[in-house]
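Make the full structure from the sequences, and use the hints.
Top line first, the protein sequences correspond to chains A and B. Counting from 0, one number per residue, gives the positions in the first sequence under numbering that gives the first Met the number 0. Counting from 0, one number per residue, gives the positions in the second sequence under numbering that gives the first Met the number 0.
Simulated from the structure, these hints should not be mistaken for lab results. Incorrect hints may have been included.
Cβ pair distances, simulated, as ranges [to be verified]:
#: 1; chain 1: B; residue 1: S133; chain 2: A; residue 2: V57; range: 53 to 61 Å
#: 2; chain 1: A; residue 1: L47; chain 2: B; residue 2: L235; range: 34 to 42 Å
#: 3; chain 1: B; residue 1: G295; chain 2: A; residue 2: P125; range: 32 to 40 Å
#: 4; chain 1: B; residue 1: R135; chain 2: A; residue 2: P33; range: 51 to 59 Å
#: 5; chain 1: B; residue 1: G295; chain 2: A; residue 2: M190; range: 57 to 65 Å
#: 6; chain 1: B; residue 1: R252; chain 2: A; residue 2: L20; range: 53 to 61 Å
#: 7; chain 1: A; residue 1: W38; chain 2: B; residue 2: W298; range: 42 to 50 Å
#: 8; chain 1: A; residue 1: L86; chain 2: B; residue 2: H66; range: 28 to 36 Å
#: 9; chain 1: A; residue 1: R146; chain 2: B; residue 2: H129; range: 37 to 45 Å
#: 10; chain 1: A; residue 1: V123; chain 2: B; residue 2: R252; range: 18 to 26 Å
All residues carry an ideal CB built from backbone N, CA and C; glycine is no exception.
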Amino acid sequence: MAAHPPTNPVPPGRAAFRLLLTFLAVTAVALWPPGGWPWQSAPVTALLLLSCRYRLRVRPVLRRALVVWSFAALVAVGLLVQPDWPLRVANLFLKASLSLWALSLLVHVTPLADLIGGLRRLGVPPIWCGTIAFWGRYYAVVNGEWRRLQLARRARTLTRSRAVRFRSLANTLGLLFIRSYERAEKVHRAMQARGYRGFS
Amino acid sequence: MHIPDGFLDAATCAGTACVAGAGLAWAGREVKARWSDQTVPMVGVMSAFVFAGQMVNFPVAGGTSGHLLGGVLAAVFLGPSAAVMVLTTVLAVQCFFFQDGGVTALGANVLNLALIGVLGGYGVYRLLGHLWPSERGQLAAIGVAAWCSVVLASLACAAELAISGTVAWKLVVPAMAVTHAVIGIGEAVITVAVVSFVRHVRPDLVYRPAARSPAVSLRRAVVYGLVASFGVVLLLAPLASALPDGLERVAERFGFAGRAMEAAPAPLSDYSVPGIMSPSLSTMLAGVLGTLLVFGIAWGISRGLQRWARSGEAGARTDAT
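The structure is reproduced here in structure tokens:
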């Protein structure tokens, strides 16, 4: 997930520390009462310094921020009736942006596998860590399967009818569901053959 | 519909996290009972499928496109508890790795999309599925369930934003309901199309609920119940009205309100904790303390009754011998 994953693996203790620090920082920023702008400059400065230090790429962060800002803009429309709307709107945008920035930095400096190690160290139940690890392992596989199915569908769907295209896309997604289900069963059998007896 | 950080206040974040935590603990237990050691590979791979499925944009009328949320689709084939786990994994991944939805709002997003959306939608599907048992009826039930899952989740999201004081109720509830009623139609059409294909090709994949749920240990039931109760208290305490109740209103109107006498000083009078200046925090703390107190009294009475019943049984056995 990180744009430039570091080559060296992050030890679980350090990953757990980063996770905890990010969680505390995001919570503090998100729950800070509106106003108090001089205090808000502290996380901005810290994030700026860390982003320069770890060379966080701006474009992917901005791309994700656009999604959050569009939701914030919708909510901001509802705030325009309030007398102190500039403060409230600025507060919403600032908090959402700072939190997004902090999380982007976390996943930039810590690869998924190391983050899962950190989650385990923090005491997250093994069933959840295992599920997220499986997501990370099989997302690329399922996505690749989807691309192949799409290519085959496009090659065989010669009509321009919107209804036929919709039906064919839905059937392809249904086929992807069946293949994912069967893959999960196969993976489980392979794991059992190697001695897997479930997460405690 | 993913709420970012900074949109909810502390009480709503904590309350939704408590309710979502209790719901996830229940889902985890149910899933392990159904899927055993297959839980992790099945939920993990199906999370990857739902995530990939959410990326697919379908052409919808009017030159617009929509994408699948997948809650009801997962519930129809994997069961409601596994679908809750799948959607929660997707939401956690979206939050941490794609910054879609906030960390502090993760409890609220899980509650809205994974619990209320999936369980509400699945409940509608089961109810209508009994009423319309034919093949077309089942598909219609799935369509209505998918629509309901989106609308219910959006209403929960609107309620949380309003409880937090971010947006007024009268603005956010109609706006979210109308927008998601339209989005829900797309979700319903896509879900029905995908489910109809999978049911046709692999009818054996449709989830059949077990006759009996696995037994819950008393300790776990107590912990889940208490955590969920605290969540409800934290969420609903800000909505408590300061207006007098029916009896107080009548008493004020007929002039006998002043005759009320306190038998003893109440420690949490008017649902507030003395010494705490913030009225909402005071109400919340009083609610939490009240919940603990009621739980303690009910626990004590049940233990006393249990002992009394056991001693009665032992006495009857002694008389019989």
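Here is how each hint holds up against the structure:
no.: 1; hint: B:S133 / A:V57: 53 to 61 Å; result: holds, 56 Å
no.: 2; hint: A:L47 / B:L235: 34 to 42 Å; result: holds, 40 Å
no.: 3; hint: B:G295 / A:P125: 32 to 40 Å; result: holds, 33 Å
no.: 4; hint: B:R135 / A:P33: 51 to 59 Å; result: holds, 53 Å
no.: 5; hint: B:G295 / A:M190: 57 to 65 Å; result: violated, 45 Å
no.: 6; hint: B:R252 / A:L20: 53 to 61 Å; result: holds, 58 Å
no.: 7; hint: A:W38 / B:W298: 42 to 50 Å; result: holds, 44 Å
no.: 8; hint: A:L86 / B:H66: 28 to 36 Å; result: holds, 35 Å
no.: 9; hint: A:R146 / B:H129: 37 to 45 Å; result: holds, 40 Å
no.: 10; hint: A:V123 / B:R252: 18 to 26 Å; result: violated, 57 Å
Consistency with the previously given hints fails for numbers 5 and 10, ordered from lowest to highest.
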